[in-house]
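Residues per chain, in single letters:
Protein chains: 2
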Amino acid sequence: MSRHLLALAAGIALLSNIASPAAQAQTARQPAFKTAEALRDKALKDDTAWTVVESLTTDVGPRLVGSPGMARAKDWAVKQFEALGFSNIKVEEFAKSSWTRGAESASIVAPYELPLSIIGLGRTVPTPKGGVEGEIVVFDAYADLIAAPEGSLKGKIAVVVQPMTRTQDGSGYGAAGIARRSGASEAARRGAIAYLTRSISTSDLRSPHTGVLSYTEGLPKIPAAALGVPDAELLQRLARKGPVRIRMKLESSVDEKAVAWNISGDITGSSKPEEVIVIGGHLDSWDVGTGAIDDASGIAITTAAAKLIGDLPTHPARTIRVVMWGSEESGGASEAYAEANKDKMGQFVIAGESDLGADRIYAIQLPKGAIAAPQLADLPALMAPLKIIVSREPAPFAGSDTEGLQEAGVPVMSLRQSALRYFDLHHSPDDTLDKIDPAQLNQNVAAWVALLYLIADSDIDFRALPAGAAK
Amino acid sequence: MSRHLLALAAGIALLSNIASPAAQAQTARQPAFKTAEALRDKALKDDTAWTVVESLTTDVGPRLVGSPGMARAKDWAVKQFEALGFSNIKVEEFAKSSWTRGAESASIVAPYELPLSIIGLGRTVPTPKGGVEGEIVVFDAYADLIAAPEGSLKGKIAVVVQPMTRTQDGSGYGAAGIARRSGASEAARRGAIAYLTRSISTSDLRSPHTGVLSYTEGLPKIPAAALGVPDAELLQRLARKGPVRIRMKLESSVDEKAVAWNISGDITGSSKPEEVIVIGGHLDSWDVGTGAIDDASGIAITTAAAKLIGDLPTHPARTIRVVMWGSEESGGASEAYAEANKDKMGQFVIAGESDLGADRIYAIQLPKGAIAAPQLADLPALMAPLKIIVSREPAPFAGSDTEGLQEAGVPVMSLRQSALRYFDLHHSPDDTLDKIDPAQLNQNVAAWVALLYLIADSDIDFRALPAGAAK
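For the record, the sequence lines run as chains A and B.
Those letters in the first sequence? Residues 747 to 1217, by our numbering.
Those letters in the second sequence? Residues 747 to 1217, by our numbering.
It should be emphasised that the hints constitute simulated quantities derived from the structure, not laboratory data.
A portion of the hints provided could be inaccurate.
One copy or two, it doesn't matter: identical chains are merged, so the pair holds either way.
What the hints assert, rightly or not - Computed list of lysine to aspartate or glutamate pairs in DMTMM-like fashion (alpha-carbon distance at most 20 Å, straight line): (1) Lys-987 <-> Asp-1180; (2) Lys-987 <-> Asp-805; (3) Lys-825 <-> Asp-1057; (4) Lys-987 <-> Asp-821; (5) Lys-791 <-> Asp-1057; (6) Lys-1003 <-> Asp-793; (7) Lys-820 <-> Glu-1020; (8) Lys-1088 <-> Asp-805; (9) Lys-791 <-> Glu-879; (10) Lys-987 <-> Glu-800; (11) Lys-1018 <-> Glu-800; (12) Lys-987 <-> Asp-793.
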């Protein structure tokens, strides 16, 4: 903080003290404040979240939809809910075609032989058995690929090497991620026989980052993979010096008849159990790490927060439901849940997800108008010791786990985690337990439990807030 | 720096000013000072080192002894010396058996199937064709393996998971490295059928770190590999919960008739060309990265420093010889050079190597007594702006490149680089160009060039220094 800001803050503090002395502030607390505060402080010392994340990454391991790991995870989830005292445990199956990675390799062939570190993008088609080989065309930015004329990549392998920007709010992912999601089809549109993208990563490491792609209908489906960051930079340097040829082999298979499961457990409300707050993280993970930050953390944070509330002698009025979403990486879980529960949408008070790792929360965003609601007046005081601001910006998009609910009109909240480190690890072999800082993990639980308790103990109707009450 | 130390330093500075005012200090400078100072400052802005390291890592790539990359590197080295104005360019061939990695894989088999990130240790024997499979025994420290009784590992796979300590001087490597160098034979002595060590690494990444092992004569040679750090920690956690079985396959081959080359070039001395200062780095590298920090950096730093001196209108008195050592990782280059040049040992004034990456130098260590020599009186003043101390400790062991010379009685110097980051990357796929910070690289060149010029322009005889002159 600058000296100027410090002085300003001190001035504001002084004014606040005059306007609302401590004694007055205390009498003004909502009835839920003391319990929420105690839950918050207990969460900081509780080891439930760590135990959950340790078990899911160690005892289950990676869990791609359709894999034996995902079947283990389903059983694990039910046992966790049982052991932690949840009720109304449900396993909701839905159809979800699965994709399985096979052997993958790539090499520079000219100017000299050199193996490259690559990983097939999720749902890529395999190469022909003998692989593909061709000269590369390197694009420094995705926009350069889009600017290339149709036919200009005939017989070539297109390589996009645009780096990703490190941002606290994770917005660098959206900007860079299009190269992974749409690059293969855009390259195919211009005649390319295969596609490579620099990993969508903020690291400088060779471990490549996978993630799902989306083929555009009507265009040839070409094989697509992500390069390690130094591999992308090497290709960029070599291509400036002369022609570079690459060989790539990808194997994979698809099972159109596979299924996935959304698994949920409730902390039943004491007086208004039919009003449900939906929270959770996703149980599935990419195959190459053990899915620690993506998203065993989210499972652990939301489960631990709900469990702490479940341990109270008297539950708050409303039900808190933890959903362990069964297919986020490949999509479909959120939509399946919304479809299966379409008659109950009116019961869902609010939805929120934890799906950006285990680093600290720095801001909370609520539905429009909620910041001015008297039922949440204590939220800033509860969050201040956790160094979390209650944002004046409403939650824009809660995330892909809760997208189906949000699209069906359920209000959403967003507990914004720092993404400064997340994309170093995300979707890579290095998404492992050791990357989780237990203190930051618990800061997440503390924020969730205090916020959840306030909402669950209140009668706030996020759908009925006056639109003009606040931003 | 603490306030106390700051006050102390200010006091010392004050005393120094009284004892030797600026004008007096300037007149006391050695004749070489001004040139050394100008070379130092030029080096900070010069791009020779970057150009060399970029070319070796981009145009040549990895260069294990016996590989096509090493043959390319030999030709590259001769061309570099020619292009940079070196004379007396020599390629000295020596016999060096080579080892080549083949396909490698390992998986947990029980309690569930999971691929592990491993890399064969240099010179490991291959596994039998079908691989080896066995229950693991995890040792938290190498000393625990040594404490295990003979026969206690019969049919087992021994796994040492001792972590490495991060230190500025790199001393953590020696302490941890024994698990890589000697662990396989110590495990075999106790009956193990295979051996795994946590990577000798300060990182927390899955990219495993290789490095050479040494089999003890008279003991069975068992296959040995290094685990990614999270893989080692996963095995450690799983083994605490119950039995863990692993399958491992390693392929490799050895060519006993391979050769390697030490390649050297001189900046010939103007008046005492037969007095030779030997510097350099090693040209060979492990196969999995592109050998940027280990040791294209050392090649680049020493070559650039010598080249800057070569560009002077008048060379200093003595010759500066850059040797690009042809087999450091597998050993033998230093000894081969000493053997081939055994009649010339008396000509070698001093030897030094750069083989700890490209991060900044923080201290210079000279032969015993040299710190008090009047010919080097200006060294602290030359190094101060680079934030380098001239150590009171004499250079103990210059390193494996110059070991042969040191053992033959050649005095050595050591320009100590920070190892705080080096062992995150060393011997791993992530030893790539992007890890080099050009500013720190040039700080190295600046230190080398100033020190080299002082020594080359002087008559200092490091063999004849009074032993009691300083520590």
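Violating hint indices (sorted, rising): Violated hints (numbers, rising): 6, 7, 8, 9, 11; every other hint is consistent with the structure.
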